[in-house]
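Student: Okay, here's what each chain looks like letter by letter:
2 protein chains.
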Amino acid sequence: MRSIISSFRILRPNYEVSQEVGLQWISRAHAYAKYLDSSSFVNKKTIFDLNILMENITNRFACKPDKIANRGTFIADYLHNNWEEMQFFDLKKNTAGSQLQERMSFFSEVTNQVFNKFYSDIDEAPQHIIHVTCTGYVSPSAAQLIVANKNWGKSTKVTHAYHMGCYAAFPALRIAQGFLLQDKQLLNSNEKSSQNRVDIVHTELSTLHFNPSLQDPSQFVVQSLFGDGLIYYSLYDKNSFLYSNCLKGLEIIVNHEEIISNSSDAMSWEIGSNSFQMTLSGKVPSMIAENIENFIGKMFSFTDVSFEEVKNNCIFAIHPGGPKIIQHIKDILSLSNESVQLSESILKMYGNMSSATLPHVWDSILNSDIEKGALVVSLAFGPGLTISGSIMRIV
Amino acid sequence: MRSIISSFRILRPNYEVSQEVGLQWISRAHAYAKYLDSSSFVNKKTIFDLNILMENITNRFACKPDKIANRGTFIADYLHNNWEEMQFFDLKKNTAGSQLQERMSFFSEVTNQVFNKFYSDIDEAPQHIIHVTCTGYVSPSAAQLIVANKNWGKSTKVTHAYHMGCYAAFPALRIAQGFLLQDKQLLNSNEKSSQNRVDIVHTELSTLHFNPSLQDPSQFVVQSLFGDGLIYYSLYDKNSFLYSNCLKGLEIIVNHEEIISNSSDAMSWEIGSNSFQMTLSGKVPSMIAENIENFIGKMFSFTDVSFEEVKNNCIFAIHPGGPKIIQHIKDILSLSNESVQLSESILKMYGNMSSATLPHVWDSILNSDIEKGALVVSLAFGPGLTISGSIMRIV
Numbered sequence: 001m002r003s004i005i006s007s008f009r010i011l012r013p014n015y016e017v018s019q020e021v022g023l024q025w026i027s028r029a030h031a032y033a034k035y036l037d038s039s040s041f042v043n044k045k046t047i048f049d050l051n052i053l054m055e056n057i058t059n060r061f062a063c064k065p066d067k068i069a070n071r072g073t074f075i076a077d078y079l080h081n082n083w084e085e086m087q088f089f090d091l092k093k094n095t096a097g098s099q100l101q102e103r104m105s106f107f108s109e110v111t112n113q114v115f116n117k118f119y120s121d122i123d124e125a126p127q128h129i130i131h132v133t134c135t136g137y138v139s140p141s142a143a144q145l146i147v148a149n150k151n152w153g154k155s156t157k158v159t160h161a162y163h164m165g166c167y168a169a170f171p172a173l174r175i176a177q178g179f180l181l182q183d184k185q186l187l188n189s190n191e192k193s194s195q196n197r198v199d200i201v202h203t204e205l206s207t208l209h210f211n212p213s214l215q216d217p218s219q220f221v222v223q224s225l226f227g228d229g230l231i232y233y234s235l236y237d238k239n240s241f242l243y244s245n246c247l248k249g250l251e252i253i254v255n256h257e258e259i260i261s262n263s264s265d266a267m268s269w270e271i272g273s274n275s276f277q278m279t280l281s282g283k284v285p286s287m288i289a290e291n292i293e294n295f296i297g298k299m300f301s302f303t304d305v306s307f308e309e310v311k312n313n314c315i316f317a318i319h320p321g322g323p324k325i326i327q328h329i330k331d332i333l334s335l336s337n338e339s340v341q342l343s344e345s346i347l348k349m350y351g352n353m354s355s356a357t358l359p360h361v362w363d364s365i366l367n368s369d370i371e372k373g374a375l376v377v378s379l380a381f382g383p384g385l386t387i388s389g390s391i392m393r394i395v
Numbered sequence: 001m002r003s004i005i006s007s008f009r010i011l012r013p014n015y016e017v018s019q020e021v022g023l024q025w026i027s028r029a030h031a032y033a034k035y036l037d038s039s040s041f042v043n044k045k046t047i048f049d050l051n052i053l054m055e056n057i058t059n060r061f062a063c064k065p066d067k068i069a070n071r072g073t074f075i076a077d078y079l080h081n082n083w084e085e086m087q088f089f090d091l092k093k094n095t096a097g098s099q100l101q102e103r104m105s106f107f108s109e110v111t112n113q114v115f116n117k118f119y120s121d122i123d124e125a126p127q128h129i130i131h132v133t134c135t136g137y138v139s140p141s142a143a144q145l146i147v148a149n150k151n152w153g154k155s156t157k158v159t160h161a162y163h164m165g166c167y168a169a170f171p172a173l174r175i176a177q178g179f180l181l182q183d184k185q186l187l188n189s190n191e192k193s194s195q196n197r198v199d200i201v202h203t204e205l206s207t208l209h210f211n212p213s214l215q216d217p218s219q220f221v222v223q224s225l226f227g228d229g230l231i232y233y234s235l236y237d238k239n240s241f242l243y244s245n246c247l248k249g250l251e252i253i254v255n256h257e258e259i260i261s262n263s264s265d266a267m268s269w270e271i272g273s274n275s276f277q278m279t280l281s282g283k284v285p286s287m288i289a290e291n292i293e294n295f296i297g298k299m300f301s302f303t304d305v306s307f308e309e310v311k312n313n314c315i316f317a318i319h320p321g322g323p324k325i326i327q328h329i330k331d332i333l334s335l336s337n338e339s340v341q342l343s344e345s346i347l348k349m350y351g352n353m354s355s356a357t358l359p360h361v362w363d364s365i366l367n368s369d370i371e372k373g374a375l376v377v378s379l380a381f382g383p384g385l386t387i388s389g390s391i392m393r394i395v
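These protein sequence lines are chains W and F, in that order.
Under this note's numbering, think of the first position of the first sequence as 1, with each following residue one higher.
Under this note's numbering, think of the first position of the second sequence as 1, with each following residue one higher.
If you're looking for bench data, these hints aren't it; they were derived computationally from the structure.
Any given hint could turn out to be false.
[Stated by the list, open to error] With a cut-off of at most 30 Å between alpha-carbon atoms, the simulated DSS-like pairs for lysine-lysine come out as follows:
id, chain 1, residue 1, chain 2, residue 2
1, W, K248, W, K117
2, F, K154, F, K184
3, W, K93, F, K34
4, W, K150, F, K283
5, W, K93, F, K92
6, W, K238, F, K184
Remember, predicted model here, so these are calculated numbers, not experimental data.
Hey, can you work out the whole structure from these sequences and the hints?
Tutor: The structure is reproduced here in structure tokens:
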């Protein structure tokens with residue numbers, strides 16, 4: 001049984017920050033944190049010198065406005081430089097920013113609002129809600145609370161797909177596909193004709209984990225990439241999709257995942273005392289490069305066509321870990337500019353929204369004039385190193 | 001297609017602490033934390049007075065040795081009272097104990113060792129490993145690392161089932177059941193006859209989150225209940241089970257879950273800056289009591305027998321949130337002492353091991369002389385409030 005994703009809903013965070021403003025904020029925050037952390041040094045630099053130093057580092061390592069024009073955030077702190085008035089980044093108190101507990105409370109508050117908005121006009125209970133995030137863990141979660149508040153507790157099961165990084169849409173989809181199969185058996189055996197639907201909701205508050213005390217160059221890369229992202233979609237079985245009033249959807253043909261051996265130190269996502277923290281090695285692009293062709297070959301081995309046959313008619317949804325990843329994969333696989341254009345524009349408009357990014361690309365594919373029947377090849381990467389991907393068809 | 005769990009493997013933590021020693025440690029830690037936190041008060045109590053006060057509170061609220069005789073831990077701190085020599089509880093530095101980052105590093109280190117031991121003699125790759133925990137989140141996880149180290153990255157997918165509290169074995173099982181169904185389709189279509197197996201591994205390091213600065217009476221309940229628990233098992237489809245050399249297994253007939261409305265404030269599991277933190281209201285037992293009969297009725301509506309018909313021949317695996325829960329459910333459902341005895345003995349031997357507890361009970365059922373054909377009714381509870389459960393049959 002093949003299943004189909006559709007019914008995308010996107011919410012934008014409260015604030016949009018242009019990359020120019022964002023990069024200036026990053027360099028100022030690092031300069032001020034460095035200034036405060038070095039307050040007892042004899043050869044202490046002035047804040048003026050540190051601002052220039054950090055601007056240079058930012059210019060060298062951060063993602064530029066030609067690739068990311070804008071990022072969304074729920075945190076008003078990023079709109080100004082009055083450190084002492086900030087909710088999370090009153091750096092005089094702590095150059096790492098607020099403690100994790102405060103950030104998690106904020107995550108809880110915001111995601112509850114987000115779920116309330118997503119579900120405000122949805123009256124039919126899904127069989128399942130899968131809540132996907134790697135940026136905040138609170139239980140009862142926003143997914144559990146919406147189910148309780150809607151009185152859906154007897155019909156809707158909540159599953160947390162947490163801490164699986166940027167590629168988490170794929171484990172969420174394979175979990176959802178399994179639920180549909182089980183529920184279909186159950187629905188058949190009970191001879192009901194009700195809708196077979198699993199909702200997937202991503203709430204990534206990536207900008208919540210900024211930490212100005214982390215000053216390794218790789219942190220300037222990470223901190224200039226991520227934006228908040230919130231997206232809802234549903235997975236239907238074929239029958240339910242026909243009755244869903246959706247005009248278009250993405251039928252999942254293959255959902256595949258691999259872990260590359262000897263790559264475990266290339267990327268990590270850990271919980272610190274103040275923020276969740278990413279480490280990222282410069283080896284990642286080459287490791288992906290070495291493995292991507294085999295990975296795609298493996299995915300296509302589950303279909304009745306070869307990649308080379310259909311490549312020129314495929315659309316590529318590539319998770320933009322950074323802007324270089326898309327370019328890199330485009331070069332290795334000899335892809336056309338057009339085939340990766342929607343991945344690039346989502347990155348440009350919103351930044352890397354962690355696991356919410358690819359669903360944004362999928363939504364933009366369904367909203368484009370790309371015709372039904374076209375294949376969509378999706379790819380994402382995360383700690384492990386994990387390569388995850390899918391082949392879908394627009395239906 | 002019904003699936004079967006079997007191949008249980010249990011690892012015990014490095015240290016076993018008798019409840020007498022454990023309770024004394026808790027009261028001493030609280031007394032010393034209180035002493036340090038009140039150091040500027042005028043009417044400061046002596047450490048001697050505080051020891052007596054905290055012993056009284058512990059005696060009043062904590063779980064006694066007649067219900068929990070012993071709990072396991074990986075933390076040597078619990079074996080002595082020399083605060084300044086402790087790894088996590090050098091309370092003079094911080095009465096909350098170590099920062100979360102140190103605890104998460106320890107979690108990572110220990111769970112890697114645990115996975116290495118579980119998998120030391122397993123040569124056949126499963127299709128999936130589902131890693132279940134609510135006590136530590138690190139990526140690459142121990143599950144991802146074992147897959148990378150075993151060179152299983154092209155055949156084994158890793159899924160994290162994190163932050164779902166004590167009932168997480170049930171979402172893990174429904175995820176696993178869905179994977180088996182999907183893989184069966186794939187195996188059929190590829191006409192292979194290989195094993196269809198999903199491994200589920202729980203690593204709960206509950207004792208890692210002790211926090212002596214939290215002194216609400218409910219914290220004395222929580223802190224006297226939890227022990228570390230580590231368990232591995234596999235889910236097979238029927239054919240694979242026959243070829244697995246397992247003598248006995250539990251066939252899953254129903255796997256059900258509900259969220260009770262208006263109960264979201266009764267229990268929570270949150271991430272603090274020093275430790276993960278549980279809140280627990282006194283309303284929980286009565287909320288469970290009000291809903292448990294309907295819940296079991298709903299589970300049995302998916303079978304062809306009624307609960308009342310078969311009740312006297314069922315074994316009950318009840319997650320012992322606390323010892324009162326088992327007693328409470330026994331009373332409401334008029335169950336025999338024998339039918340809940342294995343749940344009580346797991347609690348007594350090891351304490352509440354969060355999501356790892358029920359799998360320990362299942363293992364003890366398979367190791368008992370209870371005959372094949374008997375039904376096993378399992379129940380667990382967590383934030384939401386979520387009630388989760390299953391009906392299985394010994395095969």
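Student: Against this structure, judge whether each hint is valid.
Tutor: Results for each hint:
1. W:K248 / W:K117: 23 Å, holds
2. F:K154 / F:K184: 18 Å, holds
3. W:K93 / F:K34: Holds, at about 25 Å.
4. W:K150 / F:K283: 22 Å, holds
5. W:K93 / F:K92: Given pair K93 of chain W, K92 of chain F holds - Cα atoms ~21 Å apart, limit 30 Å.
6. W:K238 / F:K184: 19 Å, holds
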